[in-house]
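Q: These are the residues of each chain, in order.
Number of protein chains: 2
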Amino acid sequence: MGAEITSLRTHDVRFPTSRDLDGSDAMNADPDYSAAYVVIGTDAGLEGHGFAFTIGRGNDVQTAAIRALEPYVVGLALDEALADLGGVWKRMVHDSQLRWLGPEKGVMHMAVSAVVNALWDLRAKREGKPVWKLLADLTPEQIVELVDFRYLTDALTPGEALEILRRAEPGRARREAELRATGYPAYTTSPGWLGYDDDKLRGLCEQAVADGFGQIKLKVGGDLDDDIRRLRIAREAVGPGVRIAVDANQRWDVGTAIDWVRALAEFDPWWVEEPTSPDDVLGHATIARAIAPVRVATGEHVQNRVVFKQMLQAGSLSYLQLDAARVAGVNENVAILLLAAKFGVPVCPHAGGVGLCELVQHLSMFDYVAVSGSKEDRVIEYVDHLHEHFADPVVVRDGHYVAPTAPGFGAAMLPRTLADHAYPDGPVWATSENGSGA
Amino acid sequence: MGAEITSLRTHDVRFPTSRDLDGSDAMNADPDYSAAYVVIGTDAGLEGHGFAFTIGRGNDVQTAAIRALEPYVVGLALDEALADLGGVWKRMVHDSQLRWLGPEKGVMHMAVSAVVNALWDLRAKREGKPVWKLLADLTPEQIVELVDFRYLTDALTPGEALEILRRAEPGRARREAELRATGYPAYTTSPGWLGYDDDKLRGLCEQAVADGFGQIKLKVGGDLDDDIRRLRIAREAVGPGVRIAVDANQRWDVGTAIDWVRALAEFDPWWVEEPTSPDDVLGHATIARAIAPVRVATGEHVQNRVVFKQMLQAGSLSYLQLDAARVAGVNENVAILLLAAKFGVPVCPHAGGVGLCELVQHLSMFDYVAVSGSKEDRVIEYVDHLHEHFADPVVVRDGHYVAPTAPGFGAAMLPRTLADHAYPDGPVWATSENGSGA
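So the protein sequences, as listed, match chains A and B.
Taking this note's numbering, I'd label the letters of the first sequence as residues 1 to 438.
Taking this note's numbering, I'd label the letters of the second sequence as residues 1 to 438.
Please keep in mind that the hints were generated in silico from the structure rather than gathered at the bench.
Incorrect hints may appear among the rest.
As the list claims (entries may be wrong) - Sample of chain B residues at the chain A side, in silico, Cβ under 7 Å: (1) 28; (2) 108; (3) 154; (4) 277; (5) 310; (6) 344.
From the three backbone atoms N, C-alpha and C, an ideal C-beta is built for every residue, glycine too.
Could you put together the complete structure from these sequences and hints?
A: As structure tokens, this is what we get:
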């Protein structure tokens with residue numbers, strides 16, 4: 001008998017980030033960064049770790065959704081399951097009863113994400129590789145098998161995907177060596193939270209330049225006069241050569257977005273991120289046409305590949321910001337990378353939160369080695385908090401993510417973190433006056 | 001001190017409908033119709049009832065999501081809350097932490113739906129009216145206050161909504177009298193489940209005509225040859241004068257949908273429902289252009305008003321099939337009715353499942369009296385099972401829904417049903433071999 005998957009355990013883990021206004025923006029005034037965390041156990045002495053990222057309240061609901069997926073993994077033969085993650089993905093996502101809860105969106109889809117990513121973590125550990133390298137070593141045919149092309153074929157067929165991957169194949173070894181030598185460019189969001197005062201903003205902008213970042217990001221959308229003042233400070237601090245992205249976090253209606261971005265144009269914003277509802281494909285396209293040459297970036301709340309497909313078809317975005325843990329994990333993100341490559345749109349992933357940097361770097365590095373084959377005009381978001389809770393935290397040096405070498409996906413939190421930040425009974429919360437309850 | 005909302009209780013209620021293949025279609029092979037059911041208690045001797053509809057597995061996750069909303073209602077002053085359901089809605093939907101779990105989609109949004117609808121049930125009982133009449137007695141200004149126009153203003157402004165409602169105001173009394181006299185047209189889906197054999201199909205088609213229905217619906221999308229045979233049987237049974245809608249339940253990609261519907265064209269299908277992913281605004285528009293004069297209908301899985309807005313903007317549908325319990329309850333459906341009226345698209349609600357007929361009739365009747373002012377080309381879906389579990393079941397007579405007169409929203413299940421069908425410990429499930437677990 002071969003090894004089996006024997007358990008699925010969950011943890012409701014929350015960090016009291018709202019106390020310092022880290023992560024504060026126009027829509028998320030007081031986030032408590034949280035993880036609905038999952039550990040998949042085996043009788044082979046290996047564990048897979050994954051999580052859905054939330055910002056506090058509701059993390060218990062998210063955790064319950066992950067538990068509902070237990071029957072889809074516990075009891076599977078380990079090697080067979082890991083060799084057919086495309087099949088495991090489809091059985092979970094298309095379960096004839098569970099899909100009613102989405103389909104393929106929201107809490108239930110993020111739960112699939114956590115489980116799928118944990119399975120990839122497990123597979124990468126079993127093969128002794130980081131996930132980016134594991135993916136980049138697959139053949140084009142194996143990569144295509146990971147993807148569910150349902151609802152995509154009017155924009156991308158399996159044959160077209162194969163062609164994209166084959167075109168990138170000859171340069172894989174050269175790009176891998178280059179990636180290991182120089183890393184992958186990052187930009188930093190750390191200076192720009194809405195809750196920071198002007199002095200803190202100025203200091204962090206100067207620090208970002210000193211740290212080697214070529215792009216920073218500021219939160220906007222609360223008050224136009226404040227945004228103008230803060231953008232002026234930031235532009236003065238970083239100079240004309242550093243890109244400043246702005247991020248409205250879905251704050252505006254279509255017309256407001258257009259007016260607001262035009263009022264900020266004098267500060268040369270590189271992109272405007274999430275100008276309106278993440279569901280509004282047509283609204284984003286209208287905004288994109290109206291604010292050019294300022295570009296639209298979006299994706300951290302885009303629910304699945306079907307919405308990304310339409311955003312690419314409609315010209316809704318110039319930068320596609322996939323998230324490692326909102327769509328249904330690695331498999332769906334491979335589909336999204338292929339869609340972006342088909343349409344020639346650069347992917348600049350969303351990160352930050354807790355653990356998202358750790359995960360998403362693998363997807364961008366895989367994209368560089370085996371899909372788009374390019375780092376041009378591409379950056380991964382970086383936020384410099386909560387990394388100390390991870391067993392293999394990201395390393396960012398001179399404005400670049402260093403390619404990880406540890407086997408796995410980087411999702412594993414330290415045991416002490418799981419204990420200390422357990423909600424509501426861990427010591428961080430049990431002694432706190434401001435819990436994350438409503 | 002005035003009355004308060006004092007409790008929020010939930011029930012996981014499931015019906016073993018998969019045993020008889022009632023409800024079987026191309027995507028939902030074996031549904032166990034279920035309700036994540038909520039009872040909102042007060043110290044005024046009144047209760048409000050609501051639910052989210054699911055089809056089995058995951059109903060526990062849905063129930064947990066409803067419980068997460070307890071802090072938003074328990075402790076509210078009853079009359080103030082009921083007088084400001086627009087405000088209560090916004091506070092729940094836009095909670096700065098919970099919205100991360102959607103935003104406004106999937107499990108968390110359906111949970112809001114259950115709670116909001118329970119509050120409307122409570123308000124209607126307190127005012128001694130059925131919900132349709134309660135809504136139809138509000139002034140245009142009061143109706144506009146129920147709606148959150150965020151993300152809608154590029155298609156519908158509060159001023160335009162007011163204009164639509166004022167235009168309908170003079171005819172309200174006449175239409176109400178007419179509605180009470182003749183009811184609202186229904187169509188029936190009962191003949192057409194995929195799991196039924198040809199004889200059962202033929203018999204139920206003939207029965208539908210005898211019962212006075214002018215439209216029936218058949219599930220399609222499993223196998224083209226089967227669909228052609230079944231449509232031929234149905235067309236022969238009902239004759240040329242009865243409309244036959246077909247429903248693919250999201251089975252197809254865009255290209256397949258176009259080919260398949262063209263292959264069925266000889267049987268004169270009235271509309272094709274859910275031809276592809278409910279998220280695919282542009283895909284639906286492509287299909288609609290290609291299959292005309294066959295019409296596209298969709299909506300039961302459309303997640304919120306932002307997606308409906310785009311479907312109207314893009315010409316994705318000819319019939320808008322809102323669902324009473326998927327978007328965030330009455331308030332969001334008022335927004336959707338107003339959007340449909342603005343674009344001149346008839347609303348033909350989704351129903352069936354369990355309790356959806358009971359709820360949605362109120363929305364169509366309100367639409368007729370106070371919004372669109374028309375029943376032309378409009379029908380409410382009707383499926384004839386599980387009504388016996390409700391305290392105030394719908395009455396359908398001669399192919400028409402009879403306007404309900406009992407105070408409330410019709411969502412209240414019988415206490416015996418809540419006990420017998422409790423999952424997993426109620427007698428219906430405890431004695432069963434095929435539970436609804438995965």
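Q: Decide, hint by hint, whether the structure agrees.
A: Evaluation of the provided hints:
no. : hint : in the structure
1   : 28   : holds (6 Å)
2   : 108  : holds (6 Å)
3   : 154  : holds (4 Å)
4   : 277  : holds (4 Å)
5   : 310  : holds (5 Å)
6   : 344  : violated (19 Å)
Hint compliance for this structure: hint 6 is the single one not met.
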